[in-house]
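> Chain order of the listed sequences is B and G.
Final position of the first sequence in numbering that gives the first Met the number 0 is 268; the numbers increase by one with none missing.
Final position of the second sequence in numbering that gives the first Met the number 0 is 65; the numbers increase by one with none missing.
The set of hints was computed from the structure by calculation and includes no laboratory data.
Cβ coordinates follow ideal geometry from the N, Cα and C atoms, glycine included.
Wrong hints could be hidden among the right ones.
Residues of chain B placed beyond 12 Å of chain G at every Cβ, according to the derived structure [to be verified]:
hint	residue
1	Ile-16
2	Ala-96
3	Glu-113
4	Val-154
5	Asp-192
Each pair of labels, with its calculated beta carbon distance range [as the list claims (entries may be wrong)]:
hint	chain 1	residue 1	chain 2	residue 2	range
6	B	Thr-20	G	Asn-20	21 to 29 Å
7	G	Arg-29	B	Gly-134	43 to 51 Å
8	G	Arg-55	B	Arg-249	55 to 63 Å
9	B	Asp-58	G	Val-43	19 to 27 Å
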Amino acid sequence: MIRGVAIAQTDTDPLVIAGRTLRSRLLLGTGGFPSLELLSAAIAASGSELVTVALRRIDPAARGSLIDVLAGAGVQLLPNTAGCYTARDAVLTAKLAREAFATDWVKLEVIGDEDTLLPDAAELLIAAEELVDEGFVVLPYTTDDPILARRLAGVGCAAVMPLGSPIGSGMGIRNPYNIGLIREAVDVPVVLDAGVGTASDAAIAMELGCDAVMAASAISRAQDPVRMASAMRHAVQAGRQARLAGRIPRRLYATASTPEEGLPDFGPV
Amino acid sequence: MIVNGESSEIRAGETIAAVLNSLGLDLDARGVAVAVDGEVVPRVCWEMFALAEDARVEVLTAMQGG
Chain B
0 MIRGVAIAQT DTDPLVIAGR TLRSRLLLGT GGFPSLELLS AAIAASGSEL VTVALRRIDP
60 AARGSLIDVL AGAGVQLLPN TAGCYTARDA VLTAKLAREA FATDWVKLEV IGDEDTLLPD
120 AAELLIAAEE LVDEGFVVLP YTTDDPILAR RLAGVGCAAV MPLGSPIGSG MGIRNPYNIG
180 LIREAVDVPV VLDAGVGTAS DAAIAMELGC DAVMAASAIS RAQDPVRMAS AMRHAVQAGR
240 QARLAGRIPR RLYATASTPE EGLPDFGPV
Chain G
0 MIVNGESSEI RAGETIAAVL NSLGLDLDAR GVAVAVDGEV VPRVCWEMFA LAEDARVEVL
60 TAMQGG
């Protein structure tokens, strides 16, 4: 039976985004790892098959190649448009990433301000529509707004990536009701992005119905990133299993799990 | 011209290949993309694309992020 459960997790319950099958429901961000060696070990421990990269000015003095490390890990690249504040810049960055990495997948980020790093909803929707028209597989980083998520799915995004809380804040999921509503609002995969602080946050995301979780800082800035990568992997699997298993309803009063029938009568005290 | 925000010795008429060369890169460098004046220049054009005196060139590659 244990073998059967293992098969159910990996083979019969895959995540499918834009027709591509992924066995892992954990997406890994590469930002914040202190070294490429730690990043490589964390990728292996996470089991992730989809890993984000950013596009920045080349540094001729840089040592070691991120591209080589990721190629060696056998993961699919998910370029992001981090740092873009306008639809124009995000679209151009996505096109450059397509040139650089030979993938038409993009994690679309259009940021509204540098203090919160919250998405600029209006610019995001414009960029998403343009990139879908250009043939990109668009995974937008979005607010936890079910209406915006529906609009993004409506223009053809391959998934939606609502935030649990601001990027790097580690505050977990501040509005679990909205994440649940987003799951009901769209037919594309929902990937909880941003705000995950520790393994339980990832499990909660999956229990709420998310199809996957993206983690970056929570792993890369943990005191032991490789151990946290493993913790996240298991939390995502546990949360997914719990979601599929169906949790019991919450009740105010106790419900005995041991039957009342057959209680012995020991007489008066 | 300006390459990655800094003024460059590369002269007008030279190609993107020269810019890449100045950064120690080959034409077949993996994970590299080039924009000139806010437009993507596809890899197949790097050898022919002649740069203007006031061109603003961005040479980008993968960095950890997201």
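> Each hint needs a verdict: does it hold in this structure or not?
Taking the hints in turn, this is what the structure says about them:
No beta-carbon of chain G is positioned within 12 Å of the beta-carbon of Ile-16 (chain B); the least distance is around 16 Å. At roughly 7 Å from the closest C-beta of chain G, the C-beta of Ala-96 (chain B) falls inside 12 Å, breaking its exclusion from the interface. Every C-beta of chain G lies more than 12 Å from that of Glu-113 (chain B), the closest at about 15 Å, which supports listing it as non-interface. Distance to chain G confirms Val-154 (chain B) as a non-interface residue, since its nearest Cβ pair spans about 22 Å, more than 12 Å.
Annotated as non-interface, Asp-192 (chain B) brings its C-beta within 12 Å of a C-beta of chain G; the closest such distance is 9 Å. At about 41 Å, the beta-carbon gap between Thr-20 (chain B) and Asn-20 (chain G) misses the expected band of 21 to 29 Å. For the pair Arg-29 (chain G) and Gly-134 (chain B), the beta carbons lie near 22 Å from each other, so the given range of 43 to 51 Å is not met. Our hint of 55 to 63 Å for Arg-55 (chain G) and Arg-249 (chain B) holds, since their Cβ atoms are close to 58 Å apart.
About 25 Å separates the C-beta atoms of Asp-58 (chain B) and Val-43 (chain G), a value consistent with the hinted range of 19 to 27 Å.
Violated hints, listed in ascending order, are 2, 5, 6, 7; each of the other numbered hints is respected by the structure.
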